[in-house]
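Q: Residues per chain are reported as follows:
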Amino acid sequence: MPPGHPNGVRADRNWPLRFDFTTPMASAPATLTVDSPEVHDAHAHDHPPHLQHHFVSSEQQFDAAKMGMWLFLATEILLFSGMFVAYAVFRTLYPATYEACATALNTMQGAFNTLVLLGSSLTVALAINAIQRDDQKGLQRYLLLTLLGAAIFLVVKYFEYTHKFHSGIFPGLAFHPYGEEFGHLATVPYARQFFSLYYVSTGIHAIHIIAGMVVLSWVYLKARKGTFSSSYYTHVELGGLYWHLVDVIWIFLFPLLYLIH
Amino acid sequence: MAHPASHSDAAHDDGHHGHYVAPVSLLLKVFAALVFFTVLTVATGRADWIPSALHVPIALTIALIKVVLVAMFFMGLKHDNRVNTVILSLTTIFVIVFLGFTLFDVTQRGDLGNVDQMTAADRAYMMHEDSVRYAQTAAVTAALADSTAAADSAAAPSAASPDSTAAP
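Those protein sequence lines, which keep their order, are chains A and B. For the first sequence, the working numbering puts the final residue at 261, and the numbers step up evenly by one. For the second sequence, the working numbering puts the final residue at 1168, and the numbers step up evenly by one.
Keep in mind that the hints were calculated from the coordinates and are not lab data. Hints are not guaranteed to be accurate.
Unchecked claim - List time: in silico SDA-like cross-link candidates among lysine to any residue, alpha-carbon distance up to 25 Å:
(1) A/K66 to B/M1072
(2) A/K66 to B/A1047
(3) A/K137 to A/G203
(4) A/K222 to A/K157
(5) B/K1078 to A/L115
(6) B/K1029 to A/N129
(7) A/K66 to B/T1092
(8) A/K157 to A/L79
(9) B/K1029 to A/R133
(10) A/K157 to B/V1056
(11) A/K157 to A/A64
(12) A/K66 to B/Y1020
(13) A/K225 to A/I210
(14) A/K66 to B/F1094
(15) B/K1029 to A/G68
(16) B/K1078 to A/A64
(17) B/K1078 to B/V1068
(18) B/K1078 to A/Y242
It should be emphasised that the depicted structure is a prediction, and the values quoted were computed from it without experimental measurement.
Chain A extracted, bound-state conformation:
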């Protein structure tokens, strides 16, 4: 047990802050209430090791972290809303471009990826359900399944992108479609702008998939160490929220890009 940590609380429990709130300095306000026997020794009481001292309870700590995550998700939604507005304005101005270009996108691949993401949303929800029941094995299994879903999504995306690259459908100035399948797009006005929008919105979404995989892998490694329990699973919950958001964005991207009639 390190000195200054009467109940063995380790400094690195203070995620995400690296400050050591367990030192006596942090409990200095106790001198204000010196009459109360309860606070004579700030560490005489029992509290869970994950609970940081600036929170009243585990409940409050969990809710604060979750609300912070929701605020972050709000900024993510606003980031993607810029792309959706660009899409809407451009489609209002050039509807014929959209109808001509959407034929180049494979609806079945898009629908398959939608189901894969919905499935991985389910598995991450099941991972949270597992740890809420203290099922460590279930947590790890469902986190791995979620990562598998993310990987399948990226593999399908890879084939979608390279199929287009082989016919000269690149974003921006490199856009020069040729060949039997996509050659006709060269004569469609503003086709380049449509595909730039397609690559930017699906590309930034794919970056979010990769970020989600990094986060969930980290959560998985922590889960393997047995960090989480039914009383402490903040990382799993927040990683899950992020993953659901990536799913939500795709729920809008899929019909708007792949299902233009």
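Here the structure of chain A is known, so what remains is to put chain B in place on it, guided by the hints.
A: For chain B alone, coordinates are given in the frame of chain A:
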């Protein structure tokens, strides 16, 4: 004195939050509904008998239903602290404002053909060019006037007797 009270709260905190645990059967039902709506959106998106003007509204309505399902059950908003629902709702409202007002502008802008195409910057640049041209013209005029005057003064003796230049 909130401090000791709050610490005694923490003293009784066994870490169990009393969180709502969504039953597995509910999660599976929500997933089934999401798959159903995905199939539905593909089917309606490909259906020829649906007027093309309705395709986007139908697709967006289905997407909205799916997102509400994900947010309520997978993201747990239904049994969560209400502040998180408020955050998501406010974000949605601002996205609608962003989208709606931009589209109002794009679609209701009308015919701008009869409006002065020149911007303030164009006008300032034009005025600058004018002033430069004016200064150049003034300088050339002055130089011409000077040279004419010089030529006049040089030719002054002969100019005094025009007859001598006119007659051989």
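Q: Take the hints in turn and mark each one as holding or not.
A: Do the hints match the structure? See the list:
1. A/K66 to B/M1072: OK: A/K66 and B/M1072 at ~15 Å, within 25 Å.
2. A/K66 to B/A1047: violated (42 Å)
3. A/K137 to A/G203: violated (34 Å)
4. A/K222 to A/K157: violated (29 Å)
5. B/K1078 to A/L115: holds (23 Å)
6. B/K1029 to A/N129: Measuring from Cα to Cα gives roughly 15 Å; hence the hint holds.
7. A/K66 to B/T1092: Satisfied, since the Cα-Cα distance of roughly 18 Å is no more than 25 Å.
8. A/K157 to A/L79: Satisfied, since the Cα-Cα distance of roughly 21 Å is no more than 25 Å.
9. B/K1029 to A/R133: Holds - the C-alpha atoms of A/R133 and B/K1029 are around 20 Å apart, at most 25 Å.
10. A/K157 to B/V1056: Satisfied, since the Cα-Cα distance of roughly 24 Å is no more than 25 Å.
11. A/K157 to A/A64: Violated. A/K157 to A/A64 sits at ~36 Å, over the 25 Å cutoff.
12. A/K66 to B/Y1020: holds (15 Å)
13. A/K225 to A/I210: holds (23 Å)
14. A/K66 to B/F1094: Holds, because 21 Å separates the two Cα atoms, which is no more than 25 Å.
15. B/K1029 to A/G68: Outside the cut-off at roughly 29 Å; violated.
16. B/K1078 to A/A64: holds (18 Å)
17. B/K1078 to B/V1068: With a Cα-Cα distance of about 10 Å, the restraint between B/K1078 and B/V1068 holds, given a limit of 25 Å.
18. B/K1078 to A/Y242: holds (17 Å)
Hint compliance for this structure: hints 2, 3, 4, 11 and 15 are broken, all remaining hints hold.
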